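Q: Now for the letters of each chain:
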Amino acid sequence: MSYQALMAQLAIGVSNGAFYAMLSLGLAVIFGMLNVVNFAHGAVFMLGAFVALFLKLQLGLGYYASLILVPIIVGAFGVLADLALLKRLRGLDPLYGLLLTFGMTLVLEGIFRYFYGSAGVPYSAPEGLVGAVDLGFMIMPLYRFWVIVASAVVCFGTWYAIERTRLGAYLRAATENATLTQSFGINVPVLLTLTYGLGVALAGFAGVLAAPIYSVNPLMGSNLIIVVFAVVVIGGMGSILGAIVSGFALGILEGFTKVFYPEASNIVVFVVMAIVLLVKPAGLFGRAT
Amino acid sequence: MTSKRSELLLVIAGLVLLLVLPHILYPVFVMKALIAGLFACAFNLMLGYGGLLSFGHAAFFGTAAYAMAHSTKLWGWPFEAGLLLGVAAAAAVGVVMGVLAIRRQGIYFAMITLALSQMLYFLYLQTPFTHGEDGIQSVPRGKALGFIDLSNGLNMYYTLLVVVLAGFWLIWRTVHSPFGQVLKAIRDNEPRATSLGYNVDRYKLLAFILSAALAGLAGALNATVFQLASLNDVTWQHSGEVILMTLLGGVGTILGPVIGGALVVTLQNYLAASGLPVDVVIGLFFIACVLLFRRGLVGEVIAWNERRKGS
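Sequence lines, in order, name chains A and B.
Per my numbering, the very first residue in the first sequence carries number 1; after that it's consecutive.
Per my numbering, the very first residue in the second sequence carries number 1001; after that it's consecutive.
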């Protein structure tokens, strides 16, 4: 195995890990606040890619505009979905949240499949991000490099917003004890809805980033989301940092598996999940429940 | 006493209906509904009586279907032997998945079973014996007990009916046994069941394996009736379908999943002919069930009946 090929797979692995990290981060934020496992996260990721495609085809808006507009549009969709549907399930068994978002996934994917079939629509990367970049120790496709940088910035930003700002402190307080937080005059219901919107916006952002790599297709999210569930079980859902770290780590592991034992690359994350469950059932960064 | 009698009447009426039905409706359709009902009932054993939502029951259904199809087609096994192999294979997968998944509860249990069944999907996608996207096709139906020719539609129907009813009976017995009572106790209050000295994990695992084996029974029958075992049986969408059947009919009721199964199969049949996107309608049903009637159809009827008695 040549050094160059190994590094190429590693680069793909890290950038896949970037998607795992962004999606599991959104799942962790939503679960932490709303106690809902958002099955629709993959569908929303797909929605983000499609909205970017529409913006380009209908309005002629480019990639960078989409990178800003899509999270806003998808986030607004999330806020509406929460107000119309998810909000009615507050306080119920979290299983109902999972089932409701599963239904939302079927509807969303079904609609896009009805109009687009299962074939993908290509979405090209902007000209500035085509080509390769020499990092000294390896040559890497520029777009993959951009994905890694962008997601690292977004992940760090989310972590910072939640752990180091006043709004984040409200969020954490409401996660810990919603009633008490509300009695301090903080509008917890609005906070919950906004959190869902934010988590979903993250998935939409990831969808735009993914559009030039994977072709834009209705099923791009659902296959990803199950792997992300495994990532979340491995990392433990309680921790923001855990979600980010395990996302990147598992992406890298998957990349290496593709080099040394390609047949297993599809299942390596699930195997790791099984091992973690045997050794540390609460997850690597999780607290025992 | 009267409720016992009315229950008995209901069972007899149901049996008569099932005997007559293939002469009124297309037998393959009724068989499909019965298989769905058995599958949902097996799933409900876990959710309704164990309180654990498995999102990976398609793994058991599909594994048994492959075992049945492979053993009867390539090894020339008889129908009964294939059925047994299918059930055993599903139970074996159930042991592995159960041991891992019961280490976590609630929402994690659902995610773990989903992830593990997806792993199995990828394995089946790659191993040669499943024939990948094509599946194992033209599975022979063979002869039940060596002389009942199952290629005849009605023979197949009545043989299947006997097997499915045996499955229902086993589920009914399980739910009404001391084992079932302990299971319900664990569902309602796990710490209390533990403090009473029950080995909670062992009960959950046993229930999971039983549920997997019965889901396997449904899968093996499916392979025989449709003479096909394919990747579709193992997808997460299929796991979702069985959840909808149970939810629609009524979680934690005996009859609910059967009715839910029949409804979903009817719906799918109707939608397939209408050209509407099936997934969208199924998804809308999901949303409606979760938001509007979480007790399901049978659950609502029971609740209505109790309210009426109470007043």
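Keep in mind that the hints are not guaranteed to be accurate.
Claimed, not checked - So the derived list for chain B, only partly shown, Cβ under 10 Å to chain A, looks like this:
#: 1; residue: Leu1015
#: 2; residue: Val1095
#: 3; residue: Phe1122
#: 4; residue: Asp1149
#: 5; residue: His1238
#: 6; residue: Leu1276
#: 7; residue: Phe1293
#: 8; residue: Arg1295
Claimed, not checked - Now the stretches of chain B that chain A is said to cover, found in silico as 3 or more residues with beta-carbon under 8 Å:
#: 9; segment: 1067–1079
#: 10; segment: 1109–1116
Worth flagging that the hints you see were computed from the coordinates, not collected in a lab.
It should be emphasised that the depicted structure is a prediction, and the values quoted were computed from it without experimental measurement.
C-beta: ideal position from N, C-alpha, C; glycine also.
Q: Does each hint fit the structure? Answer for all of them.
A: To see whether the hints hold, each was checked on the structure:
1. A least Cβ separation of about 33 Å between leucine 1015 (chain B) and chain A goes past the 10 Å threshold, and the interface hint is therefore violated.
2. For valine 1095 (chain B), the interface hint is violated, the least distance from its beta-carbon to any beta-carbon of chain A being 13 Å, above 10 Å.
3. Taken as an interface hint, phenylalanine 1122 (chain B) checks out: its beta carbon lies about 4 Å from the nearest beta carbon of chain A, inside 10 Å.
4. Of the supplied interface hints, the one on aspartate 1149 (chain B) is violated, with its beta-carbon coming no nearer than about 40 Å to a beta-carbon of chain A, more than 10 Å.
5. Against a cut-off of 10 Å between C-beta atoms, the interface hint on histidine 1238 (chain B) is violated, since the closest Cβ of chain A lies about 12 Å away.
6. Interface restraint check: leucine 1276 (chain B) against chain A, minimum CB-CB distance 9 Å, threshold 10 Å, status holds.
7. Look at phenylalanine 1293 (chain B): its Cβ only gets to about 12 Å from chain A, farther than 10 Å, so that hint breaks.
8. With its C-beta approaching chain A no nearer than about 12 Å, arginine 1295 (chain B) sits outside the 10 Å limit, and its interface hint is violated.
9. Note: the segment 1067–1079 of chain B has 0 residues with beta-carbon separation from chain A under 8 Å; the three-residue rule is not met and the coverage is violated.
10. Residue count for the segment 1109–1116 of chain B with a Cβ under 8 Å from a Cβ of chain A: 6. That meets the three needed, and the coverage hint holds.
Hint violations for this structure: numbers 1, 2, 4, 5, 7, 8 and 9, all remaining hints satisfied.
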